[in-house]
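J.: Fit chain L to the known structure of chain A by using the hints.
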Amino acid sequence: MKNNNIPARIAGAIFLIIVIAIITAGICSKTISDVFQLPPMAEYIIAGVIIILLACPAIFVLFIRLISGVVKKYIGTIAHDLKTPLAITKESINLVLDKIPGPINEDQARILTTAKNNVDRLAGMIDVARPGAGIKKP
Amino acid sequence: MTKKKVLIVDDEVDFLEMLKLRLEANNYAVVTARDGNDALEKFKKEKPAAVLLDILMPGMDGLDILKKIRKDDTKIPVFIITAFSNEERFRVANKFNASGFIVKTNDLQKEIQNITAAIGISEDFKGK
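Sequence order for the protein chains is A and L.
Throughout the first sequence, residue numbering follows my numbering, covering 65 to 202 in sequence.
Throughout the second sequence, residue numbering follows my numbering, covering 10 to 137 in sequence.
Treat the hints with care, as some may be off.
Unchecked claim - Examples of chain L residues toward chain A, derived with CB under 8 Å: (1) Met27; (2) Leu30; (3) Leu117.
Hints in this document: simulated from the structure, not taken from any laboratory.
A virtual CB, placed ideally from N, CA and C, is assigned to each residue, including glycine.
Next comes chain A alone, as it looks inside the complex (with noise of 0.2 Å):
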């Protein structure tokens, strides 16, 4: 199963950037401020602009995908549950257009198939709604 722990692992992506950004701005910062003889002051100054310019984009995306993680779940969820009152709607449509519980006239078969359509409509905005939905021959 996957492991579907987004939040955590976006923490320690965080994380990592983080430290990442902090030793690097460290390291440039001290290498600038020897080679131009600059005060430690402008040091300091040097590293926080280093580390602001790497860690935001970073923690921006990670921060997107984390929210489009948790719609995405949400919709899936709300998607999966409204499939099955549409499956028995569409199967008590059919059974009756089939005659099985028996017989029907014109008017009432052409309603129940406008019924039955706009119910595939429906089933069909979901399966849009939720990516990669659907069957997968096996």
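T.: Below, chain L without anything else, positioned relative to chain A:
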């Protein structure tokens, strides 16, 4: 001619009823169960020609029931009922030799044709 018996296992009462009506209209005798323990008891008692298993149920789910059925009978057609599929479920279902899948929102009359074909192949194999 004796009707072929099919065992349906699903905790969703309404879907169970609709599928039962559809199978009976196709000349099958239907036995139903709403949970894993009832399903295994009826499987042993009724000796169905095929089993339809809902994959997501509280307690014992369809895949757990499939594993237990396969310990007793490796040849009986077993179909997994699902609203959606995912790769992991297919992988596990194929590992335990599920005969196929019934997608709830598909045309059930067509899905039943697959069940009929599978029962035919299984009985030919057993020499009935």
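J.: Hint by hint, note whether the structure agrees.
T.: These are the hints, each one checked on the structure:
no.: 1; hint: Met27; in the structure: holds, 4 Å
no.: 2; hint: Leu30; in the structure: holds, 6 Å
no.: 3; hint: Leu117; in the structure: holds, 6 Å
Hint compliance for this structure: every hint is met.
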